[in-house]
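Q: As a plain string of letters, each chain reads:
Number of protein chains: 2
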Amino acid sequence: MARRITYELYYWAEIQGRGEFVRLALEDAGADYVDVAREPGGMKKLMKRMRDGGASSPGTPFAPPFLVAGKLSIAQTAAILHYLGPRLNLAPSNEAGQYAVLQHQLTLADLVVEAHDTHHPIGSGMYYEDQKPEAKRRSQLFLEERVPKFLGYFEAQIARGGPRQSWLVGRSCSYADLSLFQVLEGLRYAFPHGMAALARKLPRVNALHDRVGERPNIAAYLSSPRRIPFNEQGIFRHYPELDAPEAKRAARAQKKRR
Amino acid sequence: MARRITYELYYWAEIQGRGEFVRLALEDAGADYVDVAREPGGMKKLMKRMRDGGASSPGTPFAPPFLVAGKLSIAQTAAILHYLGPRLNLAPSNEAGQYAVLQHQLTLADLVVEAHDTHHPIGSGMYYEDQKPEAKRRSQLFLEERVPKFLGYFEAQIARGGPRQSWLVGRSCSYADLSLFQVLEGLRYAFPHGMAALARKLPRVNALHDRVGERPNIAAYLSSPRRIPFNEQGIFRHYPELDAPEAKRAARAQKKRR
Numbered sequence: 441m442a443r444r445i446t447y448e449l450y451y452w453a454e455i456q457g458r459g460e461f462v463r464l465a466l467e468d469a470g471a472d473y474v475d476v477a478r479e480p481g482g483m484k485k486l487m488k489r490m491r492d493g494g495a496s497s498p499g500t501p502f503a504p505p506f507l508v509a510g511k512l513s514i515a516q517t518a519a520i521l522h523y524l525g526p527r528l529n530l531a532p533s534n535e536a537g538q539y540a541v542l543q544h545q546l547t548l549a550d551l552v553v554e555a556h557d558t559h560h561p562i563g564s565g566m567y568y569e570d571q572k573p574e575a576k577r578r579s580q581l582f583l584e585e586r587v588p589k590f591l592g593y594f595e596a597q598i599a600r601g602g603p604r605q606s607w608l609v610g611r612s613c614s615y616a617d618l619s620l621f622q623v624l625e626g627l628r629y630a631f632p633h634g635m636a637a638l639a640r641k642l643p644r645v646n647a648l649h650d651r652v653g654e655r656p657n658i659a660a661y662l663s664s665p666r667r668i669p670f671n672e673q674g675i676f677r678h679y680p681e682l683d684a685p686e687a688k689r690a691a692r693a694q695k696k697r698r
Numbered sequence: 441m442a443r444r445i446t447y448e449l450y451y452w453a454e455i456q457g458r459g460e461f462v463r464l465a466l467e468d469a470g471a472d473y474v475d476v477a478r479e480p481g482g483m484k485k486l487m488k489r490m491r492d493g494g495a496s497s498p499g500t501p502f503a504p505p506f507l508v509a510g511k512l513s514i515a516q517t518a519a520i521l522h523y524l525g526p527r528l529n530l531a532p533s534n535e536a537g538q539y540a541v542l543q544h545q546l547t548l549a550d551l552v553v554e555a556h557d558t559h560h561p562i563g564s565g566m567y568y569e570d571q572k573p574e575a576k577r578r579s580q581l582f583l584e585e586r587v588p589k590f591l592g593y594f595e596a597q598i599a600r601g602g603p604r605q606s607w608l609v610g611r612s613c614s615y616a617d618l619s620l621f622q623v624l625e626g627l628r629y630a631f632p633h634g635m636a637a638l639a640r641k642l643p644r645v646n647a648l649h650d651r652v653g654e655r656p657n658i659a660a661y662l663s664s665p666r667r668i669p670f671n672e673q674g675i676f677r678h679y680p681e682l683d684a685p686e687a688k689r690a691a692r693a694q695k696k697r698r
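Chains as they are written, first to last, in my numbering: chain A, 441 to 698; chain B, 441 to 698.
Take the hints with a grain of salt, since some may be wrong.
Taking lysine-lysine and the BS3-like style, the derived pairs with C-alpha atoms no more than 25 angstroms apart in a straight line are [to be verified]:
{"id": "1", "chain 1": "B", "residue 1": "Lys-589", "chain 2": "A", "residue 2": "Lys-484"}
{"id": "2", "chain 1": "A", "residue 1": "Lys-572", "chain 2": "B", "residue 2": "Lys-576"}
{"id": "3", "chain 1": "B", "residue 1": "Lys-641", "chain 2": "A", "residue 2": "Lys-576"}
{"id": "4", "chain 1": "B", "residue 1": "Lys-485", "chain 2": "A", "residue 2": "Lys-589"}
{"id": "5", "chain 1": "A", "residue 1": "Lys-485", "chain 2": "B", "residue 2": "Lys-641"}
{"id": "6", "chain 1": "B", "residue 1": "Lys-576", "chain 2": "B", "residue 2": "Lys-641"}
{"id": "7", "chain 1": "A", "residue 1": "Lys-572", "chain 2": "B", "residue 2": "Lys-572"}
{"id": "8", "chain 1": "A", "residue 1": "Lys-589", "chain 2": "B", "residue 2": "Lys-488"}
Honestly, the hints are just simulated from the structure, not real lab data.
Full structure from sequences and hints, please.
A: This is the structure we're talking about:
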């Protein structure tokens with residue numbers, strides 16, 4: 441184990457966004473870290489790093505999040521987590537396991553892009569209000585085809601390990617498990633009806649989600665002010681008109697019958 | 441250097457797609473590899489691996505490409521390249537450099553997703569013909585805002601290294617340089633007018649593209665039957681109606697004036 445280091449996470453102060461995958465890893469491990477942009481004067485520091493890079497950094501980041509660890513500066517969520525994984529005991533010690541975890545993280549990143557694009561299918565620089573009909577069509581296909589495909593894949597990965605398997609890779613929790621938890625949290629926030637309708641088919645994914653939420657450091661973090669609530673500036677946004685209309689109707693009908 | 445190994449690349453036989461980033465790295469390095477699905481019986485082998493994983497693999501891939509290297513099986517393009525980089529002499533030997541290259545690869549991957557979604561903004565499972573008006577709007581924003589932002593970023597990264605810098609990171613060619621070449625090739629194929637209109641602002645990116653294309657192993661590969669031509673089943677598709685209409689008009693007017 442290397443000497444204990446204070447990590448600097450650079451990410452927007454107002455949203456969970458992609459930075460949240462890094463925050464969860466740092467929190468779960470009880471790592472020493474500073475969430476730079478949330479400190480006084482931190483936004484200025486973030487913008488300066490975006491412009492200048494670090495003293496010894498070979499480049500500048502395209503976008504937050506980026507992590508500064510001593511002399512090292514790493515951008516892109518999956519790259520940050522691949523670096524942190526073994527250091528925070530959130531990845532296996534063997535190479536095959538580390539690549540398996542990275543591969544899952546990248547598949548989750550693909551899902552995250554698609555989740556974002558449900559509300560911004562035409563352009564990320566445009567207002568949601570100017571692409572609402574397109575957002576409705578994309579959201580419906582997302583819930584009917586893409587979420588079942590992605591989460592069904594993760595369900596199968598957990599099932600592969602047999603009845604004793606609790607995590608995506610091997611016998612202990614990795615950063616990909618924390619990220620799967622976060623994706624579930626986000627999807628449930630954005631699409632409560634759509635996700636409720638899928639729950640029956642994802643028992644292992646949902647159980648893994650709950651196991652992550654019960655980890656002491658994660659539970660403490662989630663109930664702390666450090667956890668920024670979901671909101672309509674982030675990746676996962678709750679626009680009721682995008683949530684599964686059929687699932688919503690079914691839920692209403694059932695409520696009436698009671 | 442480890443014992444020489446025969447790599448197995450698993451990817452669709454009919455398109456460049458994401459597999460092309462791996463093909464370029466293997467070709468540039470002169471590595472021993474088999475493009476499995478393009479061999480007789482190879483598609484069956486690919487489908488079996490998708491279903492069963494490898495004997496010692498902790499999971500199955502979500503999607504091709506995946507690479508088999510001895511007992512190791514790795515999916516997700518950026519993860520494959522991060523693994524291959526130091527082994528093929530296409531990444532720096534130091535950790536900071538390796539993460540810088542990985543970070544660039546992931547930023548290029550983000551651009552690739554957006555390039556794909558220009559023709560499929562609503563749903564990847566739908567026909568292009570059923571999302572054509574949306575594809576036009578998205579393509580316009582892509583060419584006006586996103587391509588200049590991404591490629592302008594890479595232009596600045598090359599400029600950072602000063603006049604002697606020829607590559608994205610450090611003093612030698614990495615897999616991220618090969619990938620930037622491929623992204624340029626794809627964008628020029630898909631949007632000849634849109635990209636011509638941007639060329640003036642990207643002298644370093646275009647020079648890097650040319651340097652990659654002149655590398656002996658890359659030049660030999662590009663003129664061999666192993667290089668699958670671009671087509672309308674891949675990521676980069678040439679639909680003339682999506683190419684920059686203003687740039688097209690300007691080019692036509694100029695031709696008339698001659």
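Q: Confirm or reject each hint.
A: Results of checking the hints against the structure:
1. Taken as a hint, the Lys-589(B) and Lys-484(A) pair is honoured in the structure, with Cα atoms around 21 angstroms apart against an allowance of 25 angstroms.
2. For the suggested pair Lys-572(A) and Lys-576(B), the alpha carbons sit about 16 angstroms apart, so the restraint of at most 25 angstroms is met.
3. Between Lys-641(B) and Lys-576(A), the direct Cα distance comes to roughly 37 angstroms. Violation of the 25 angstroms bound is thereby established for this hinted pair.
4. Distance check on the hinted pair: Lys-485(B) and Lys-589(A) sit about 22 angstroms apart at the alpha-carbon level, within 25 angstroms; holds.
5. About 29 angstroms separates the Cα atoms of Lys-485(A) and Lys-641(B), which puts this hinted pair outside 25 angstroms; it is violated.
6. Taking the CA atoms of Lys-576(B) and Lys-641(B), the gap is about 24 angstroms. The hint holds against a cut of 25 angstroms.
7. Taking the CA atoms of Lys-572(A) and Lys-572(B), the gap is about 17 angstroms. The hint holds against a cut of 25 angstroms.
8. Between Lys-589(A) and Lys-488(B), the direct Cα distance comes to roughly 18 angstroms. Compliance with the 25 angstroms bound is thereby established for this hinted pair.
Against the hints set out earlier in the document, violations occur for numbers 3, 5.
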